[in-house]
Amino acid sequence: MDYSNLRRQAASLKKGLFDQGHLDEQFRQVEDLQDEASPNFVEEVVVVFFKDSGRLISNLEQALEKYPRDFNRWDAYMQQLKGSCSSIGASRMKNECMSFRDNCGQRSVEGCMGSLQKLKREHAILRQKLESYFQVTLEAPPCQSWCHDRWIISINLLTDVCMFTMQLLRQVGPAGAATRPAM
Amino acid sequence: FCLFLGVLFYSVGRPLANHPCIYKTAASCCHLAQLIKLLTCQPNQQASAPSIPLCCLCPMSTTVQEPPHVLAVDDSLVDRVVISRLLRSSKYRVTTVDSGKKALEVLSLGHESVQLIITDYCMPEMTGYDLLKRVKESAELRGIPVVIMSSENSPARIRRCLDEGAEEFLIKPVRPSDVSRLCNRAIAAMPMR
Numbered sequence: 001m002d003y004s005n006l007r008r009q010a011a012s013l014k015k016g017l018f019d020q021g022h023l024d025e026q027f028r029q030v031e032d033l034q035d036e037a038s039p040n041f042v043e044e045v046v047v048v049f050f051k052d053s054g055r056l057i058s059n060l061e062q063a064l065e066k067y068p069r070d071f072n073r074w075d076a077y078m079q080q081l082k083g084s085c086s087s088i089g090a091s092r093m094k095n096e097c098m099s100f101r102d103n104c105g106q107r108s109v110e111g112c113m114g115s116l117q118k119l120k121r122e123h124a125i126l127r128q129k130l131e132s133y134f135q136v137t138l139e140a141p142p143c144q145s146w147c148h149d150r151w152i153i154s155i156n157l158l159t160d161v162c163m164f165t166m167q168l169l170r171q172v173g174p175a176g177a178a179t180r181p182a183m
Numbered sequence: 184f185c186l187f188l189g190v191l192f193y194s195v196g197r198p199l200a201n202h203p204c205i206y207k208t209a210a211s212c213c214h215l216a217q218l219i220k221l222l223t224c225q226p227n228q229q230a231s232a233p234s235i236p237l238c239c240l241c242p243m244s245t246t247v248q249e250p251p252h253v254l255a256v257d258d259s260l261v262d263r264v265v266i267s268r269l270l271r272s273s274k275y276r277v278t279t280v281d282s283g284k285k286a287l288e289v290l291s292l293g294h295e296s297v298q299l300i301i302t303d304y305c306m307p308e309m310t311g312y313d314l315l316k317r318v319k320e321s322a323e324l325r326g327i328p329v330v331i332m333s334s335e336n337s338p339a340r341i342r343r344c345l346d347e348g349a350e351e352f353l354i355k356p357v358r359p360s361d362v363s364r365l366c367n368r369a370i371a372a373m374p375m376r
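The listed protein sequences derive, respectively, from chains A and B. The numbering of the first sequence is my numbering, which starts it at 1 and goes up by one. The numbering of the second sequence is my numbering, which starts it at 184 and goes up by one.
So that you can see chain B by itself, here it is in the shape it has in the complex (with noise of 0.2 Å):
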């Protein structure tokens, strides 16, 4: 009984721990609802034993698959250490690069598996207009969505790439519930590849 507790905790605690607090809380009411319903109807209703949900109302999904996959482009050290704990702090998966050169890298060794890239647009060499200009122009990597960020609130900068197929345009310092509601935003958007 004891090593079934054990068994019990690790695989259903553990997964809940590492989920958004805020569906934690719906989880256990799912696990509650389950049990009521367990408790109330009659033995010969019950098919089989309720199926223990991982989590019934996160949007990312109810059974368990890898998390979207975000390509992180800033040759800021500091913004790609906070973007990247932003993302994964909402469960995505993060490469980070220090350029649009190493960003087009990791693109062409497996485009299939990045969902989205955010890139800042000052860096050296190849702006992230370059870099969004390079992905939108192939035809492998044109349906990935990009997200442009910049210290400079400039309209006709914003105007720019958006014209040239931005997702989106983000002011720094960017926060957290901003990245958050466009990655999912943008992933959600994106046609079946």
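Only chain A is shown next, with the shape it has when bound in the complex (with noise of 0.2 Å):
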């Protein structure tokens, strides 16, 4: 399997949806967290998003229906969405989410329908290009920098091996030599 390709190909798809500006810097701070005792941190991470913001999504339709021109609930949903994609660095469906206040604050029920509209078409293209992602990260995983890690162990066990044998040819050496019994 030609793992090279397929990191490049990760590369590619994660670059673009930096060029792209769907995700943004804090996308990397949540990266910075995976790590060796969380292998996919980042893709748990994504689904929890997926699925809470699914949900979110759906809470402010029925609220947009049930509770008509209620603008101040309908900018208390928004403000829990805008907060899930900020923390994800989710930066396209986040700027919908503002978009979204701002009409909530003018009042504009067809601004924030349009908002609305925008937002399920962002959040459907980041779910969509997340998962092609994860999909090739799957099959090629990380160069993972363990050398460094295993390295400051070998040095650890070899300087113990080494400080305990000292301190056993200290303790038997001479004394050892004069138990020794007479050939």
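Careful, some of the hints might be misleading.
[Said to hold, decoys possible] Estimated spans, in silico, between C-beta atoms of each pair:
hint, chain 1, residue 1, chain 2, residue 2, range
1, B, 322, A, 76, 33 to 39 Å
2, A, 31, B, 336, 21 to 27 Å
3, A, 108, B, 339, 23 to 29 Å
4, A, 61, B, 285, 40 to 46 Å
5, B, 337, A, 6, 43 to 49 Å
6, B, 326, A, 4, 54 to 60 Å
[Unchecked claim] Chain A is nowhere near these chain B residues, computed Cβ spacing over 10 Å in every case:
hint, residue
7, 186
8, 258
9, 334
10, 353
11, 355
12, 365
Hints listed in this document are in silico derivations from the structure and should not be mistaken for laboratory results. Glycine is no exception: its CB is placed at the ideal position from the N, C-alpha and C atoms.
Starting from two chains that each stand alone, build the complex the way the hints lay out.
Here it is, written out as structure tokens:
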């Protein structure tokens, strides 16, 4: 399997997500939290995000129907969604959330509806792009910099062995020679 | 000898592997320094085997002890996942709850174990500010530092929280460096309870 090709593809997909403004610097902050202890953290957070944002969008749509012109309520729902988008670095979605909230402030129902449609579109696009990205990264696991950790552990192990051996030799050496039975 | 190597690896290597990476190198240097000391000193000066430091430069501790316990309060599931991972990667124990009410329940069950509360401001029913007030009004809880997080950069809100006794006010999205810096500072400044 040509992992280098797949890694290049993954890197290209990710670069596209940033260049096209779908993701921002906060996504990199989330990526930095991934390590050997949590090797799939980014994907887990993304899955949680799409589940949660799907629920929030659905709640908002119900509120738009059930509570007409209740801009304060609509704004409260959107504030939650904007917070999630912001935490994960979903930049375009966050912008649409802010646009919706601006329309709430201007008490424009058409504006709110328009923003919501754009938000749903961005939600679907980001989901599809991230799914493609994770599919490729799953097939091509990243080069793990395990060498550094193993090197550190090896140094420590070697020094511990040397220390033990030195201690043993110093204690056993002359005394051992004295107690060795004569041949 | 192989059994000995295995025991050494598990007793020394694994804890070291779990330490923050910048301290692993420092710990290795400590090991090497200890070895050099052993090699260069005379046998009769050798009082006892040098102790193998688990982490001699780690600010948290040189002995094995419980890491600080942080209570994270946020109604957003995504934020709870991120803040939880962020705190765990800085070697804190974390309990997450989704409301101020649940935070007070956790605190009533075992407030002695909680060394820091980090809470979102905007939450339904009980805001982070309300939680802060309840904590600072309680004789048992007021010693616990509280950090507030909010996506709204409102000077009035910030002022209000700091006046009420919040340790710090963070603007969301929070950065890992901000959280670990503040947690270290807040916990270090905490009076002995």
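Hint numbers not upheld by this structure, sorted from lowest to highest: 4, 8, 9, 11
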